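J.: This is what each chain is made of:
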Amino acid sequence: MKQELSYRDSVHRMGRVWILSALAMMIAVPVAICIYYSAWPPAGGILKGFLSVAPIFWTVGAIEVFTYVPMLGTGGSYVGFVTGNLANLKVPCALNSMDRAGVEPGTEEGEVISTLAISTSSIVTTLIIALGVVLLSQIEPILESPVLQPAFENILPALFGALGVVFVSKDWKIAIVPLVVMVTLFLLVPSLAGAVGLLVPVGALIAIGVARILYKKNLL
Amino acid sequence: MEFNSNSTFMYVVVSIVIAFVLLQSVVFFIKAWKRGKELGMDTQALKKTVGSSAVFTIAPAIAILLGVIALSNALGFPLPWLRLSVIGSLTYETTAAAAAANAVGSSLSQRITDPKIFATIAWVMTLGIIPGLVLVPLFGKKIEKGIANIKGKDSKWGQIFLSGLFLGMISAFLGLVFAKVHTGLVGWIPVFVMFASALLMMVCGLIRKVFNAKWIEDYALPISLLGGMALSIPITNLVMSLVG
Chain A
16 MKQELSYRDS VHRMGRVWIL SALAMMIAVP VAICIYYSAW PPAGGILKGF
66 LSVAPIFWTV GAIEVFTYVP MLGTGGSYVG FVTGNLANLK VPCALNSMDR
116 AGVEPGTEEG EVISTLAIST SSIVTTLIIA LGVVLLSQIE PILESPVLQP
166 AFENILPALF GALGVVFVSK DWKIAIVPLV VMVTLFLLVP SLAGAVGLLV
216 PVGALIAIGV ARILYKKNLL
Chain B
7 MEFNSNSTFM YVVVSIVIAF VLLQSVVFFI KAWKRGKELG MDTQALKKTV
57 GSSAVFTIAP AIAILLGVIA LSNALGFPLP WLRLSVIGSL TYETTAAAAA
107 ANAVGSSLSQ RITDPKIFAT IAWVMTLGII PGLVLVPLFG KKIEKGIANI
157 KGKDSKWGQI FLSGLFLGMI SAFLGLVFAK VHTGLVGWIP VFVMFASALL
207 MMVCGLIRKV FNAKWIEDYA LPISLLGGMA LSIPITNLVM SLVG
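Protein sequence lines correspond, in order, to chains A and B.
Just so we're aligned: 177 in the numbering used here is position 162 of the first sequence, and the numbers increase by one with no gaps anywhere.
Just so we're aligned: 20 in the numbering used here is position 14 of the second sequence, and the numbers increase by one with no gaps anywhere.
Honestly, the hints are just simulated from the structure, not real lab data.
Source: prediction; values computed, not measured.
Among the clues, some could well be false.
Facing chain A, according to a computed beta carbon distance under 7 angstroms, are these residues of chain B, among others [claimed, not checked]:
{"no.": "1", "residue": "7"}
{"no.": "2", "residue": "12"}
{"no.": "3", "residue": "15"}
{"no.": "4", "residue": "69"}
{"no.": "5", "residue": "109"}
{"no.": "6", "residue": "113"}
{"no.": "7", "residue": "114"}
{"no.": "8", "residue": "115"}
{"no.": "9", "residue": "187"}
{"no.": "10", "residue": "227"}
Restraint-style ranges between C-beta atoms, simulated for each label pair [unchecked claim]:
{"no.": "11", "chain 1": "B", "residue 1": "111", "chain 2": "A", "residue 2": "234", "range": "51 to 61 angstroms"}
{"no.": "12", "chain 1": "A", "residue 1": "213", "chain 2": "B", "residue 2": "220", "range": "36 to 46 angstroms"}
{"no.": "13", "chain 1": "A", "residue 1": "31", "chain 2": "B", "residue 2": "48", "range": "23 to 33 angstroms"}
{"no.": "14", "chain 1": "A", "residue 1": "160", "chain 2": "B", "residue 2": "158", "range": "49 to 59 angstroms"}
{"no.": "15", "chain 1": "B", "residue 1": "249", "chain 2": "A", "residue 2": "160", "range": "39 to 49 angstroms"}
{"no.": "16", "chain 1": "A", "residue 1": "66", "chain 2": "B", "residue 2": "25", "range": "29 to 39 angstroms"}
{"no.": "17", "chain 1": "A", "residue 1": "66", "chain 2": "B", "residue 2": "22", "range": "45 to 55 angstroms"}
{"no.": "18", "chain 1": "B", "residue 1": "144", "chain 2": "A", "residue 2": "202", "range": "47 to 57 angstroms"}
{"no.": "19", "chain 1": "A", "residue 1": "149", "chain 2": "B", "residue 2": "159", "range": "44 to 54 angstroms"}
No residue lacks a Cβ here, since even glycine has one placed at the ideal position from N, Cα and C.
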């Protein structure tokens with residue numbers, strides 16, 4: 016027990032240093048642009064742009080922390096939140112890897128598998144994008160060919176269709192109500208598509224509520 | 007200094023940050039690997055996780071690369087490259103850049119040549135992603151303690167609670183697949199693709215059972231993802247020919 020605490024604590028300590036350094040470097044980029052080109056934009060413009068995105072971005076960002084940290088584990092969170100693309104890549108990757116390895120999230124083994132999955136995914140993503148930028152002139156015609164466009168437009172349905180089979184079939188009793196609610200919601204209010212980040216915790220609360228009732232009635 | 011969004015200066019600045027983040031992933035990878043060995047986990051299982059995660063990542067990473075290309079028309083390569091390799095996600099970055107350009111009376115339909123407008127866009131994109139980087143170090147440990155408390159009181163309920171959390175997320179994204187249905191048959195394409203991919207996943211499960219092919223288990227998700235994406239092409243063509 017003591018060793019587990021010390022491992023997690025050391026990941027937290029290391030993670031905090033890395034994530035705050037990453038934050039400092041991120042902020043240094045626009046600062047560097049302003050200094051190098053001596054182009055200081057009017058604060059009003061930045062504020063106006065910021066205010067038009069912050070209400071959604073900051074809310075979704077905060078929600079992501081509270082929903083994804085329990086799924087990603089300690090090390091996975093520190094890597095995942097720095098490298099981004101959580102819902103469309105890192106979270107499915109971590110969940111699937113833990114499921115395949117037969118380990119539970121939140122356990123020591125789950126922590127190891129999740130961190131390995133997310134770091135691998137981050138490294139591969141970074142390398143592919145870097146390679147893509149370098150080889151762009153060769154691959155751009157292929158990537159942007161009209162034949163392939165449907166494939167990239169439908170990446171989320173293809174991802175969550177497969178993932179759904181794995182996780183819905185495991186706990187269909189818990190899944191059915193949030194699924195019906197979410198499908199109905201998007202059918203009735205299609206404009207919610209832009210705010211899917213805000214609906215993740217709604218779905219989670221419904222699922223957890225249903226699970227609690229079923230659990231109390233000994234139906235799980 | 008003459009401004010150019012594809013300047014060597016921009017490439018250098020962006021490469022430094024990307025290299026730093028890449029290093030972070032490597033450091034955490036090594037730490038987790040060592041920890042796995044310490045816990046006596048099977049090396050083969052660890053390798054499988056790495057292999058299947060790498061294969062799974064390829065298609066989504068190429069989709070992200072397409073996002074970089076899309077934004078590069080207005081912003082050059084370095085900035086979109088950075089924002090999509092570090093923290094960003096496709097949907098947010100495009101929205102943020104467009105909103106920022108809009109706020110200063112510009113748009114992303116042409117190459118940004120005014121360094122002040124470019125800097126504004128860079129600032130807004132950066133400020134928009136701060137919460138995760140601040141909240142994880144601030145609350146990460148507390149959130150974990152909360153989950154540990156739930157598990158400590160009742161470990162079975164703890165597992166169910168986490169399953170509920172996953173399923174909530176999965177239901178939201180499965181619901182999203184239906185968001186375009188109101189536009190008619192073309193809006194059903196994502197729904198058909200979702201079912202195609204789900205079917206492939208079931209076929210993988212079946213092959214695993216019938217032929218006892220355990221290897222397919224590890225690659226079932228990438229197979230279904232790529233298969234679903236590939237099938238979206240004939241599905242789209244079929245729907246388009248029906249719609250006329």
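J.: Output the indices of the hints that this structure fails to meet, ascending.
T.: 2, 6, 7, 8, 15, 17 and 18
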